[in-house]
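**Student:** Numbering follows full-length UniProt numbering, with no gaps: position 33 of the sequence shown is 33.
There's no promise every hint is true.
[What the hints assert, rightly or not] Here are the simulated distance ranges between beta carbons: (1) T133 with D100: 45 to 51 Å; (2) N4 with T143: 27 to 33 Å; (3) Y106 with E165: 23 to 29 Å; (4) I102 with G130: 39 to 45 Å.
[Claimed, not checked] Only pairs whose alpha carbons sit at most 27 Å apart, straight line, appear in this in silico DSS-like list of lysine-lysine: (5) K98 with K32; (6) K128 with K140; (7) K98 with K150; (8) K140 with K20; (9) K71 with K147; (10) K50 with K71; (11) K32 with K50; (12) K20 with K71; (13) K140 with K150; (14) K147 with K123; (15) K119 with K150; (16) K119 with K147; (17) K20 with K98; (18) K123 with K140; (19) K140 with K119; (20) K20 with K150; (21) K150 with K128; (22) K20 with K128; (23) K20 with K50; (24) K123 with K150; (25) K140 with K71; (26) K128 with K147; (27) K50 with K98.
Simulated from the structure, these hints should not be mistaken for laboratory data. These numbers come from a predicted model, not from an experiment. Just so you know, even glycine gets a beta-carbon here, dropped at the ideal spot from N, CA and C.
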Amino acid sequence: MYLNYISLQEIQPCSTVDAKFGIIAGLSDGIKDIMPYINGINPTAVYNQKQGWISFRIRQRIITLYDQELKGVYLLSETDAYEILDYVRDMINDLDSKRDEIVPDYTVAKMPSYVDIYKLLPKTNCRKCGEVTCLAFSGKLLTGMTKMEKCTPIFEESYQIERFEIDQVMALYGYKD
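Kindly generate the complete structure, drawing on both the sequences and the hints.
**Tutor:** The structure is reproduced here in structure tokens:
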């Protein structure tokens, strides 16, 4: 077994989202050498070898792994946290057993920012989505807290290209089913 356990060290309410939690957990073993393999199989992964972390999504939760630490946000409960920790441990151990079958990917991907998404939106601040500004909407869209369908102007024909680009970004980072 490559990774024996992941121990939950801290759970706190997310500062930006009601009824969601953030966690910090310790890893029993260093995992930096398996990060390129995670990057190779997970389309939502953002890997930074130089800084020693990889971030990815699991069921609308954002998980960031460091050599001997895990941080996660948007968890639903303590039970959800333990389920995610078990999932990550099993995923890492499974990857380790299949290393010969996986091509490691050392590519550093740039995760889009809310400003990148905002630039593609109509920028009308019409509030039809329920947000005060398009910038606020882009932030919630990028974190999976809202759906693009709430922005009705983006579905006008004149925004077809922008809508396609947003769809591609959202799918690439696992924000869209």
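**Student:** Against this structure, judge whether each hint is valid.
**Tutor:** Now the hints, each set against the structure:
Separated by about 50 Å at the C-beta atoms, T133 and D100 satisfy the suggested range of 45 to 51 Å. N4 and T143 have their C-beta atoms about 32 Å apart, which keeps the hinted 27 to 33 Å range intact. Range check, Y106 to E165: about 26 Å between beta-carbon atoms, so the 23 to 29 Å window is met. At roughly 42 Å, the beta-carbon separation of I102 and G130 lies within the given 39 to 45 Å, and the hint holds.
Between the alpha carbons of K98 and K32 the distance comes to roughly 16 Å, so the proposed pair stays at or under 27 Å and holds. Our distance criterion of 27 Å between C-alpha atoms is met by K128 and K140, whose separation comes to about 14 Å. With a C-alpha separation of about 41 Å, the suggested pairing of K98 with K150 is violated against the 27 Å cut-off. Only pairs whose Cα atoms come within 27 Å are accepted, and K140 paired with K20 is accepted, the gap being roughly 14 Å.
Restraint check for K71 and K147: the C-alpha separation of about 25 Å stays at or below 27 Å, so the hint holds. Taking the CA atoms of K50 and K71, the gap is near 18 Å; set against the 27 Å cutoff, the hint holds. A C-alpha spacing of about 11 Å is found between K32 and K50, which places the hinted pair at or below 27 Å, so the restraint holds. Of the supplied pair hints, the one linking K20 and K71 holds, its CA atoms being roughly 14 Å apart against a limit of 27 Å.
Simply put, K140 and K150 have alpha-carbon atoms about 11 Å apart, close enough for the 27 Å limit, and the pair holds. Proximity of K147 to K123 is assessed by CA-CA distance (about 16 Å); at most 27 Å being required, the pair is judged to hold. Taking the CA atoms of K119 and K150, the gap is near 17 Å; set against the 27 Å cutoff, the hint holds. Taken as a hint, the K119 and K147 pair is honoured in the structure, with Cα atoms around 17 Å apart against an allowance of 27 Å.
In summary, the hint linking K20 to K98 is not supported, as the alpha carbons are separated by about 34 Å, beyond the 27 Å threshold. The suggested pairing of K123 with K140 holds, with an alpha-carbon distance near 15 Å, which does not exceed 27 Å. Only pairs whose Cα atoms come within 27 Å are accepted, and K140 paired with K119 is accepted, the gap being roughly 15 Å. At most 27 Å may separate the alpha-carbon atoms for a hinted pair to count; K20 and K150 meet this at roughly 22 Å.
Pair hint K150 plus K128 holds up; C-alpha atoms about 7 Å apart against a cutoff of 27 Å. This hinted pair checks out: K20 and K128 have alpha carbons roughly 25 Å apart, not beyond 27 Å. With a C-alpha separation of about 30 Å, the suggested pairing of K20 with K50 is violated against the 27 Å cut-off. Restraint check for K123 and K150: satisfied, since their Cα atoms lie roughly 14 Å apart, inside the 27 Å limit.
Using a Cα cut-off of 27 Å, the hinted pair K140 and K71 holds, with the two alpha carbons roughly 20 Å apart. Annotation: proposed proximity of K128 to K147 holds, straight-line Cα distance about 13 Å (limit 27 Å). Taken as a hint, the K50 and K98 pair is honoured in the structure, with Cα atoms around 24 Å apart against an allowance of 27 Å.
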